[in-house]
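Undergrad: Take the two lone chains and join them into the complex the hints point to.
Okay, here's what each chain looks like letter by letter:
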Amino acid sequence: MSFLYAGAIAFGIGAILSIVLPNNKLRVTVNLIAQVVACYCVLFVTIPVLFGSTSIVGSLPWSFPVERVDFEVNSVGAFFLSFSLPMTLLGSFYAVGYLKKDILSERHVGIHFALLSMVQISYLIIYSVQNSFAFLVGWEIAALSAWLLVIWDHRNQKIRFAGFNYLISTHLSLLFLVSAFTVVHGVTNSFQFADFIPFFQKPSIQRSIAFILLLASFGLKSAFFPFHTWLPRAHSAAPAHVSALMSGVIHKAGLFGVVKVILMMGEPELWMGWTLLAVSSVSAFMGILYTLVQRDIKRLLGYSSTENVGIVGIGFGLGCLGLTLHQPTMAALGFGGGLLHILNHALFKCLLFYGAGSIYRFTHTIDLEKMGGLLKVMKWTGPLFLLGSLASAALPPFNAFISEFLMYAGLLQSTPELKLGQMAMPLFATLLAFVGGLSAMSITRAFGLIFLGVPRDPEFAGDHSKENIWMIVPMVLHLIGIVVVGLAPMWALRIVQAPAGMMIGDKNITTEKWLALMPTSMLQSITFVVLAFVSVLVILLFARFMLLPKSNRRHVTWGCGYTSPNARMQYTGSSFSFPMVAVFRDLLKFWTKEDLPKGVFPKDGSYSTNCVDSIEHSTFQFLNWGERVIHKGLSKIPESMGFSFGIGFIGLIVLVTLVLLK
Amino acid sequence: MIIVLILFQIAIILIGPIYMIGVINRVKSLWAGRRGPRLNQNWFDLLRLLRKTPVYSVVTSWVFPLAPIVILASTLTASLFVPLIPGFAPYSFTGDFVAFLYLLGLGKVFLMLGALDTGSAFEGMGASREATYAALAEPVIMLTLGTLILASGSLSFSDLIIPQTDMVTSLAIRIALAAVMFIVLLIETSRVPADDPTTHLELTMVHEVMILDHSGPELAIVQYAAGIKMVLLAGLISALLNPFSFEYLPVLAMIVSTMLIAMVAVLVGLTESLTARLRFRAIPLFTFAAFLISLICLVLVHSSQGTVQ
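Sequences listed follow chains B and C, in order.
Residue 131 in this note's numbering is what sits at position 131 of the first sequence, and the numbering runs on without skipping anything.
Residue 235 in this note's numbering is what sits at position 235 of the second sequence, and the numbering runs on without skipping anything.
Here chain C stands alone, though its shape is the one from the complex (with noise of 0.2 Å):
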């Protein structure tokens, strides 16, 4: 059964971040009335793209080749501790959220290091702005792990997300996390109201803007990356919601998960159909709210637990 999990885990992870594209773009679409492309479309993008030689700036040093590999390599080392069903991870231990969170952090070092190896305004405007909202995030994903870590007494990922005994608290305080949860997921991976990725005007973009420069395999696998990022994200979203544990009910569980994160890139394509970008100086205040909602659901984990003793 382990090894079926980790298949499924390794399947999402690689294969997901083309269909979860796929889906928002196909919400996107019929939300304003056309069909929209294949699914996998994004699938024939990236093959077409490794194929490509790239052409470098003159300005740039061996650190612009380098950075599309190092975020790869970080974010897929990265989704080995993610879990994806509530209770799995293919490798768990005590303290692995910090590990995740500081690999991820290394790159998108790397991505802001590539995007002023170019000497270009518009992209030294995309890495400052990434800088601050990824700076901004941190605290707010550190916040709700450690009310999860409050709630469940447990310092491993995996197991941060165990159902408790008062439901209904318990219930709530999930579905608030999710929700913020979900607000980091359009922070970290350049979604409306955040960002715009299909924007054409590079003044306003902030991720896009960054790799203005990249072509061909660099391009590719910034992308790549990118979307690795958001199903890790989502993953997160999917097991904090998920009620079926790996233990008891895991083909259930597997399948749950993979339609809660359908539900999230289709939640993604609504809210980027829907809603308009936000303002930049209004970005530290969206992220604020859900520091907020994480430090009620600390208070509230706080509370919960002072009755049960």
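Just chain B, with the same shape it has in the complex (with noise of 0.2 Å):
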């Protein structure tokens, strides 16, 4: 515990000296060494516990009304701590690079790098205290530091905008949080989640009501479809590492959630489990859907998390349905498919963003439509960022097709215990493989518009600055994990083996035990495939370029003829997607704005069409309906002494008598 306690200590430190020291460049190096300094305190005694030592327990006295605040950093604490400290801290290091301008100037960046530390702070304490009380206030620590980093750019509207609407959001996420913990707190009676064991181990009508509000909470929080509105708008307002840490790390805390309450109940409801498959469901194919209409880089990586929290929560259903039929296997596969995925959407996430940010560095814009070509100028961004979107396409040999593959194994698994919901399973399946078949889309539209092809805008040109090393070795960090999980699947089962392992009740599951569990040969396969793939390609590559004809021979793309082809002739973002939109053109909106030529001697003109988020349209639209109904009701009211004297006594009585009456 005592590491703990050194570890949160010096992201303290650290916070306030960046805050207090003289310059920037002092300020960030010194919070950058506390960081380093607290991550080696915390990972030193979180690792051994996520390979299954036991859980580190301690207690702090706390003044009224909660007198006593408990810590256990159990192995899903662990696994949670363990990769969401290093990823902040490596966030902190890609900051020095994409604030250099802000830091070479008179600007205070220390306030900025001491968010970070508080952030750092807010996991400590979210994925290890046992009290509802403290659980809310790292829950606010975290919104509000996520809210001021997003706002660092606060000179421009869009961007407060953007905060605001976030701020908003994490704060309807506190209110479920908040009357969930009273719910349960009325029949407990207690604040410590050791306290709410017996409540939610029993069926009860409360114990519905909590987990309706827990998982609209934690929903907001993890921006699950229809509470994702606030994200887009989010991650493309925010400073790239930013955007990265709040969708790869800080968000996951909902997710955290989701299993923390799982792991109270122990044996969760049939239509919990179905519930969290349909919503999950829905949230992964609405994700996915929306990133192909984005122009916006960031918007669309922040459609992506959507979808990821979608696959990670259909492994969670699906665990849900295993704990409550008794299938451990059932159980283990979901579990340990979302949780890996956890681990794997972190990190592809983290490297696309930072690639995101790299290259608005380069460009200065993040409007797809007007980039191509940059593959040939970025030498190092374009192939991560190719690696990157692979992976986040869920294809082999890259990370996010482990945990999908177990997920798959796990929904196809053979249950007669399902009776009728057997027959979903495998349409749970076909969705998973639709949402493949569109990520697989959405990438090489992202790829391709960025990266291949020749710059569609004219003026385009970027300031051709060269890549910075600070921004470009924290993505290669990022590569090598989606590398190592893809390649040696068995090291990263380990690695989920003992939180998957105590969320299907076996708190120390053993490595057989575990493995046994999981459908091992198939991995040790997978293993083996990819291998076979990588040498049949390098073999082939050797092949071609060693024994068949090579040629420096260049000419102009054919063009059908056509002998004067230029940069704004090729495909663009809208026009890729168009066939597939076509199909889901009802589940999409279009704003289009016309201006036709007209006449006979027609002037310029302009169409164009922009995709809305058709939640936030309707919420913002039922917002204006019911303002303008309150105006009415209200400008009815006459405005005289009188009348307001007279409500106000009538209310008055209506109270005392109540209270009087019991």
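Simulated from the structure, these hints should not be mistaken for laboratory data.
You may find that some hints are simply not true.
[Said to hold, decoys possible] A few chain C residues that face chain B, going by a derived Cβ cut-off under 8 Å, partial list only:
id	residue
1	V98
2	Y102
3	L103
4	T147
5	S170
6	L171
7	A172
8	I175
9	A176
10	D213
11	R277
12	A282
13	I296
14	L300
Beta carbons are placed, not taken as given, at the ideal position from N, Cα and C, and that holds for glycine.
TA: Here it is as structure tokens:
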């Protein structure tokens, strides 16, 4: 426990020093050193827990009404801590490159780094406390620091709006969380998670209400559809590393919440598993559908997060069904796949966001339709982004393939206990396959538009500054993680062994027992297949470039006889996704602005379409309608003093009567 | 015996593409009243292409020459798991069908990237269509496999296709699923009615338009890989319909499978001769029809299992 306290104190000192020290370089250096020390302290104790040693427990006194805060880092908490801390540290390193201009300017960059340290502290709280009150405090620290990080460029009104939108959403999430804790407190009369367990283990109406409220809260935090609307806005407004950390790491706290609830329940009811599966499937599908129509890289990546939490949720839903029906293999595959996908998503999503930041620093735009041909000038970011996007489409030989593989195996297990539900399982697998196909389309579109062909906008040249080493190194490290999980799935399974074991109700699961639950032969086979693929690839490459004719003969692209092609004639992003969008037109909402040429001597016309988020659109419409209705109602109330006093007195009398009657 | 079976698989996969294209072209010619090219004409075409010096577009980057090789490598690796005869594949393990699907997906992604790398509007158009139809066909394949898994209770590609107790239902389901796979084959390998490989109007093509700028060895590799993919899907159909398993009558099973693959080629040729290409807007509906057949099969399998228990 003392190592955890030491870590928290080191983060705190780093945060304070980076604010009080005199110049930017000093502030950043000291903060990074403090973060490294703190991460080392924490990982030193959490990694053994992750691999099966006993949980770390501790306790601190606190004032009324909490009195005592218990800490426990069990294997699930250790799993979340073990990737969150180092990835946030890498994000802070990336920030050095990304905010280079700010660091060299007069602006106080220390605040930004202090906020990153605060985020780190919030992980320590959220993933370890066993007290609902302290949990809320950690939750709030994370939310506020993330908000302040998002509005780093606060001079831009759009960014302030996105930040405000996020602030409201995250507090709606808090509202649901507080109400859920209130319901639970009403029954158990306690703030301690330990006292919640008996309540959560017995089915009751209150438990169902609490489950729904918690699901809504965590769904808002992790941006499940239809609670995702804040996410693309915030992600496109924030600095690249903040988007990366929010999407990949900070909002995994919502999924941690789901895990925590399932852990406390032990054995969820059948409808809970199905609800989770249904909600998550919709999330995965709608998320990926929206990525197809985005023009802004970071918005695109944001929607892809909604897709990926959906995939994780499918795993958890499957695990819940496994727990209810006492199918340990199904539960292990569901939770193992889900937890592994959390890690995988964090790895590739951070890589992609860092890539997007690197592109932004290079070109000063995030509009896909203006880019093109960057692969020739961005020697590092190009290949890294390609590999990251292949990973995000769950293609072999990369990491997400492994976690989705586990889920497919779980979904297609033969489980006669499911009865009619057994028919639904292949349908969920089908949906997952469809999501895979769509995400392949989406990444092809994104990579093709950014890096291949020639720049689409004649004015787009980029400042051709060099790629920053501070930004490249974190990307390379994430890529290493992606490849290792992809090539050595057995190691990856060891990482999720203890936490997934805990979720299926076997705290001290042994490696043998765990591997017996997993289709291990299949994972070994996957290693073999991946190696076979790589070696075939190498042999073919060798054969192609050694034996077959090579050439440097170059010619303009064949334009079917057209002799003066230009960059504007390339296929655009919206035309690329058109055939698919046409199929799902009813699910998306398009705003078209047209000013078509008219008359005998037409002037220049224009035509533009914009895909708006239909959920956000209808939310705003609803709010607008509500505002109008209330305004109408209020305008009918007479403004005279007597009337207000009368209403006030009637209210007071009713209140007093109610109090007295009780 | 196993070695013979493996050699059979390798032979079919390596030589099959050439003759399958040959058979299709021959059938089309005969139907049109011509004699048509030799059955192994494709072989000479590929050899000629391999000897030529390629010309690259000035726009392309390293992705362009890399793409065909990734496509071929992923298709070849995927061919390891596909059963051409019921119950046998050179390498099979639990969940190998997922690896099969995703490896083919990797190939498709690189085909599209290669097309986008040329910066041509035509190739972008082809890539866009390919991406759409591939994404729509993916769930159909998964549902078909899911149905087979529910029927057989096994998660391995080669064991999926086992005879069932209830012969009539089993046969009906097999034939229906073979029809689904045939539709998938037409879409995935860009044949009529989803796409017309012989058209010379670039606006209407899907696969051919993506390889407009490929020349020499690159073109040969992409075309060969597309042929292998066709053989793999045809092989799946033959395994579904083949009544002989590899355990009892392996030689007969091999002969029947080869004939069934040839039959599929003839059917593709006939379809090309007899039907017109669908409008692009109708192709999603075509895929959806296949999806519905699969769904009906899923319900049938589930209900027939209910009565058995």
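Undergrad: Run through the hints listed earlier and report the numbers of any the structure violates, in increasing order.
TA: 5, 6, 7, 8, 9, 11, 12, 13, 14
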